[in-house]
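*Asks:* Chain A is fixed; fit chains B and C onto it per the hints.
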Amino acid sequence: MPLAEVRDLYVRFVTREATVYAVNGVGFTVRPGEVLCILGESGSGKSVTLRALMRLLPARRTQIRGSVTVEGQNVLGMPRRALRDLRGGLVAMIFQEPMTALDPVYTVGQQIGETIRRHTGCGREAARRRALELLEMVRIPSAARRLDAYPHELSGGLRQRVMIAMALSCSPRLLLADEPTTALDATVQVQVLILLRRLQRELGMGMIFVTHDLGVAAEIADTVAVMYAGRIVESGPVGQILNAPAHPYTAGLLASTVHGQSRDRDIDAIAGSPPDMRRLPQGCSFAPRCPLRMAECRFAVPEPRFPVRGHMAACHAVAHSSPATQAAVTPTVAGSRATISAR
Amino acid sequence: MTDYSSVIPAKAGIRGDEVPAAALDPRFRGNGGVIKTRSEPFLEEQAAPATKVRGYWESVFHRLRRDPVTLVFAVIVLLIVLAAICAPLIAPFDPYKESIVGRLKPLGWRGHPLGTDELGRDMLSRLIYGGRVSLLMGIVPVLIASLIGGMLGIAGGFIGGRTNTAVMRTMDVFYAFPSVLLAVAIAGAMGGGMANGMLALSLVFIPPMCRVAETATTQIRALDFIEAARASGARTTTIIRYHVLGNVLGPVFIYASSLVSVSILLASGLSFLGLGVRPPVPDWGLMLSTLRQSIYVVPFVCALPGLAIFITSICCNLVSDGLRAAMDVRM
Amino acid sequence: MSSLAYDPRDRGGPQQPMLIARDLRKHFPVKASGGKSVQAVDGVSFSVGKGETLGVVGESGCGKSTLARLMLHLIKPDAGELVFDGDPVGVAPGIPIDALRRQVQIVFQDSYSSLNPRMPVRDSVAFGPFVQGKRKDEARQVARDMLGKVGLDPEIFGPRYPHELSGGQKQRVNIARALATGPRMVILDEPVSALDKSIEAQVLNLLRALKRQLNLTYVFISHDLNVVRYISDRVLVMYLGRIVEFGPIDAIFERPLHPYTRALLASRPSMDPARRIELPPISGDPPNPIEPPSGCRFRTRCPFAEMVCETADPMLGPLQGPQSHVAACHMQEAHSGHSLAASA
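Chains as they are written, first to last, in my numbering: chain A, 1 to 343; chain B, 1 to 331; chain C, 1 to 344.
If you are wondering where the hints come from, they were derived from the structure by calculation, not from laboratory data. C-beta: ideal position from N, C-alpha, C; glycine also. Among the clues, some could well be false.
Just a sample of chain C residues kept apart from chain B, beta carbon distances all over 12 Å, derived [unchecked claim]: (1) Pro-14; (2) Ile-20; (3) Ala-79; (4) Arg-262.
Among the chain C residues that face chain A by a calculated CB cut under 10 Å, a handful are [unchecked claim]: (5) Glu-59; (6) Glu-200; (7) Ala-201; (8) Asp-224; (9) Ile-249; (10) Ser-270; (11) Ile-282; (12) Pro-286.
Coverage of chain C stretches by chain A, computed from C-beta distances (three or more under 8 Å per stretch; other residues unrestricted) [claimed, not checked]: (13) 165 to 175; (14) 190 to 198.
Next comes chain A alone, as it looks inside the complex:
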């Protein structure tokens, strides 16, 4: 059984002014112990998708359709009480800016202890011992002393580690990470990535990691799902996506990411701007910027194609490799760790 499964997810934000079509039919699965990276630029719907997994979207203005299940539990139809147990228990989340996720008036130890006591009902002393263990687990130097520190007394990297410790306090099976390294300095980012990778392996957690950075995805992902304008346009094992992208958007993104290009020529940028999420184009959302644009791209949203087994690209210009793989119904991430180690 997959750890988490999302099918046909649609999310709309409705305001008096306009309707924003944030997520338009997203589906994927995450197995236990797998790291799925949702890669996309701002406004692609990657964070919204992540939040839908915990139902963290403002209920009044959001219309959600589709199904989200975590360990067989239906998240979208769950009563509030069960949702509270799910959040922080089975599923935990870490954010981009730890300062907004940590409460400035409580010490680190109090905050972690509080979370532990709420979910396990253990005593104050036990909770504190567990908090200390967690801080040591995330490699915070002189952890015992930091237990009594307030968030503002810590550096950015330490704060992020504290937030990871808090997320891990109730041994979640699925960790959601929303650009947790974006706000960090380069030398700190790599430390946090290595830490997350190690913890994920040791604890056997599934992880969904949202990022806009191809390099970060290369460092942490098993499988990658590339989002554009609220849809997954390409997905597959990380090596496949980065070394042989099938979708022109992924290829363009890779070409426009500066890494050792020749200084003598321009970067191969993708033309134009991302679409207005209030007025999406009728066919393929990427068509207006696409170098491979064909007539049909304007009218029909491309169906998922599978150039290689386990590698999906939703593009009219991509051919199927064999009819056998066409059986899948939704654009589902079907990569596994086996395919990666085989490379």
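*Replies:* Frame of chain A, contents of chains B and C only:
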């Protein structure tokens, strides 16, 4: 200045670069062999002209138009204002004409739809004329306070440092008194009358107005575009005129609109206490004061000036709330 | 570098650096700390040659943004001097600050706060020429030309307000605004950091094209080493308010001298899932710039730190010509007392 006209305007920088197809999926070759990616800096022109471009105030009105509640109350306020302006045309009687016989008559008595007061004057006419004074007392002090308080706040906020401290601490002294008490004290010290009442109210409103303007200015001042303006060599006065005023006007306007109802209430209070308009000038607060002995004779008539104050101030308040909602847009 | 067309403002000739900074220092006092201060920029000296792009890299708190503002006198330096094209800045016989600002402009990172939200973008672009003495209609015309030059149709985008533009479009407007006064040098303070990758590439291409067309000199500040490598001719690496390494781009990227530069380079994601970084190149965060470590400021995170690093400030070697490559590290200094020092 560099002569920009000599610079090639279009073609420069345009180049169709060939991406080695090996870097991509080999099946792309069927699609013309190579992928053309263009990297000219003139891409944005392709962006379709999106929605109609609206200026800030235009977009505020656009949002207001779609807010029926605010619109209804705005119409009521407008009607009250119109009635006050056109008082001589619509008032059925002379508001000063007394009648010994027709004193304290109930609603609907002999052509007086709202009855008469303790000197036999027509209530409807007096209420219509009274609106003139009340609205004037509601708007003029707020205007004066916005101007003076706004200027002080912008100056203090933009210059910052000790100047700002001096301005704001002075304002804090006034803040220490409850506004009603302060208004009564100032009006009392200067003696009654409409002009003094307005002056008293203006003084009461300057400190909060100043604070609103100062807060907004301090926020704006920290933004990069002010620094960019300085970097292009603009002087402080120029920056304030072109970059600060437009951004501070919104919050000041919202706050001022919410003060109008407060001002109407305070002005009525002053008149009620005999510190505002002098009789026989019709004014809602004053009418309330003189009619209060007759509350057991014609209760409904006596309540009318209070009702007028209530309706006007609540409508002003609701319109101000709607304005706030329409103007409070992150841009 | 492209040959410079004759510019009547070019007083010093091609060999005279566009800007020389000597021992710039800026400390910001911290309130309620008992006289402590943030040592944002602490004795920084460098030069920017005409027509070159000088990259400035460093992590948060290294003082790179303060340095940008010091170069324009948007912040007054506590000490040190600036020489623009041979003329000392803000000193009697030299060039006044007003005149400096006609020739040097800045583009900020945050495209949200760098444009006036209540002004159509064409007016924001026209503002610079207007305050520098152009008539309103002339300034408008300059704004139209500049918007066209950065790839925005002035008819479509000119009347729009910043909130009606995407991040990339706003950054284009910012570039147009900076260029509207016809500067010779532009300071780019993290100009692409807030942009998506696909837009970042467009803006980098635009910046390079404009530099060629308008004979500009750039100071390009960024935390992204890949971007700096792509766009710069020389690089200046900063750590806690000081320069730790300075040299030509290829020398720095291929033969980094300072352990911090090496760590920065090694911290870049590999872009290849088969070759992931297994061990962090350095541990910990950059220290608080309020109380920087004594001696070498990097010693608290440096794997080679020894006694001498705690007691003595390493000196940045003397710059000999534009190709010289220097680092402020005791290991690079002969007979510094460090066991790994080159014994020349």
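*Asks:* Does each hint fit the structure? Answer for all of them.
*Replies:* Verification of the supplied hints:
| no. | hint | verdict |
| --- | --- | --- |
| 1 | Pro-14 | holds, 17 Å |
| 2 | Ile-20 | holds, 20 Å |
| 3 | Ala-79 | holds, 22 Å |
| 4 | Arg-262 | holds, 30 Å |
| 5 | Glu-59 | holds, 4 Å |
| 6 | Glu-200 | holds, 7 Å |
| 7 | Ala-201 | holds, 3 Å |
| 8 | Asp-224 | holds, 7 Å |
| 9 | Ile-249 | holds, 8 Å |
| 10 | Ser-270 | holds, 6 Å |
| 11 | Ile-282 | holds, 6 Å |
| 12 | Pro-286 | holds, 6 Å |
| 13 | 165 to 175 | holds (count 4) |
| 14 | 190 to 198 | holds (count 3) |
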